[in-house]
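J.: Listed below, chain by chain, are the residues.
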Amino acid sequence: MPQYETPLGAGPGAGGPLIRFDGVVKRFGDNTVLDHLDFTVAPGERVTLIGPSGSGKTTILRLLMTLEQVTDGVIWVGGEPLSHMPKGGRLVRANERHQRRVRRQIGMVFQQFNLFPNMTVRQNITEGPVHSLGVPRGEADRRAAELLEMVDLADKIDAHPTQLSGGQQQRVAIARALAMRPRILLLDEVTSALDPELVTGVLDVLRTVAETTDITMLLVTHEMQFARDVSHRVLMFDQGRIVEEGPPEQIFGDPREERTRAFLHAVLD
Amino acid sequence: MDFFIDRLPLYLSGAGTTLVITLLGAALAFVLAMVVGMLGTLRNRAARAVATGYTETFRGVAALVLMYWMAFAIPQLTPYEIDPVFAAVLALGLNVGAYGAEVVRAAINAVPRAQIEATIALNMSWWRRTRSVVLPQAWAQMLPTFGNLVIELMKATAIVSLIGVADLTRVAQEQRAATGETIAAFTGALVVYFVIAQLLIVGMRLLERRANRRLGRLPASDTGLWALLRPPPATAIGGGRR
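Those sequence lines, one after another, are chains A and B.
Take the first sequence: its letters are residues 20 to 288, numbered as in the working numbering.
Take the second sequence: its letters are residues 20 to 261, numbered as in the working numbering.
Possibly wrong hints are sitting among the right ones.
To be verified - If you want the ones that stay clear, here's a sample from chain B, every Cβ over 10 Å from chain A, calculated: (1) D21; (2) A137; (3) R236; (4) G243.
Claimed, not checked - Label-pair distances were calculated between CB atoms; the ranges are: (5) B:A66 - A:G73: 30 to 38 Å; (6) A:A212 - B:R62: 29 to 37 Å; (7) B:N63 - A:R226: 21 to 29 Å; (8) B:W145 - A:G73: 41 to 49 Å; (9) A:R156 - B:T97: 45 to 53 Å; (10) A:P62 - B:T242: 22 to 30 Å; (11) A:E168 - B:V50: 38 to 46 Å.
Note that these hints are calculated values from the structure, not bench results.
No residue lacks a Cβ here, since even glycine has one placed at the ideal position from N, Cα and C.
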């Protein structure tokens, strides 16, 4: 692994962007998924990543959640490096301890929900807060009940994940991520694994989250209408680079790049 | 039949010794299997080397010879003598533990990557992930193989009869020598071994069903001995995920 060395102080300050990708490269073997990617996300901003499959959208979310590590470049979160840590005036690769501390601000909802089958709905939601954040059990239980109320599953608190439909499982997964009180929420194709009639319920919950909180969101989705409704900005990716970016009205209504037009044409028809 | 009924107390006391050695050996094997199996899943090279070293050593050693070695070689090498029952428990525990460690390692590695990713997204520590997510899910996977190992271990306890412990096999041999009733003496032992095996199987299957209930693969109400007569769930092995 090459060490990325940068003088300290090059990162964004406290008043700057919440997320910053700085020359980020990600390769899997010979396959370059992200190619010197630079972009920033402001606090409270909701950004949708679109593009053909294999264009690197999901990899961006997985790098932010530290499920993958960068090949080169630095990812900054809240003015601190996430992929790296300062040591002797330089940035070196972050260790597990550093990443745990910085990623505390980040939550993620997965395409396949990934609920824990050995726990009830309540335990799924309280396990993180109680054991990772040290929230007292009673408080975590109360918060779980509130969140389940919000996702309209209050009666399922003692159910097992296997007793729920896909849409219900995904709503529990959203509640589970929100229970960690993240500043940043990553949504990775959260409706792609659902039967069509279950998609609306999940999107309604996410609309509520978008309207009632100031959580910064990064979404990878194929639900273009939803992306248009909730996001402040849309990034169009192709082959590990940003082809075009802009407000949703412009990207969806009047795309400038041929590549964007072709992609939207393909997904909307 | 009369032969066996008359000697039932003798056979039962032999069976008791067999059962005690089985349970102690299984307890040792279980602890070794869990610890060494978990070491084998770590990224740390030294930990993995210890795990591989233990597994390869004791998988390749005959429990009988190991027991002889502890019972007869150790008193010559050191000033200590090892109690024959203890020597047998150690030999069997070390031997079966090596097989068990491989089972534990494989079961832990079979927990879906997506489950691990969910624990990272919830910022869990390694220990919390292992305790709350990995082991409870791997446990259901381990149990069927653990059941086989316990029964193998129970049958292998017959080796203690060779160093003078009055277990079930020894009782049968002594009764045969004393009476010349070869058929009755050994048939009695076979039947008692079979009954012990059945008890162990029922115990293991109850544990298995409980583990599957906890993963939501069986209805929560599906408890008790009668539930054993129903067929196991189709998803019990292999993760049960779509």
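J.: May I ask which of the numbered hints given earlier this structure violates, with the numbers listed in increasing order?
T.: 2, 3, 7, 8, 10
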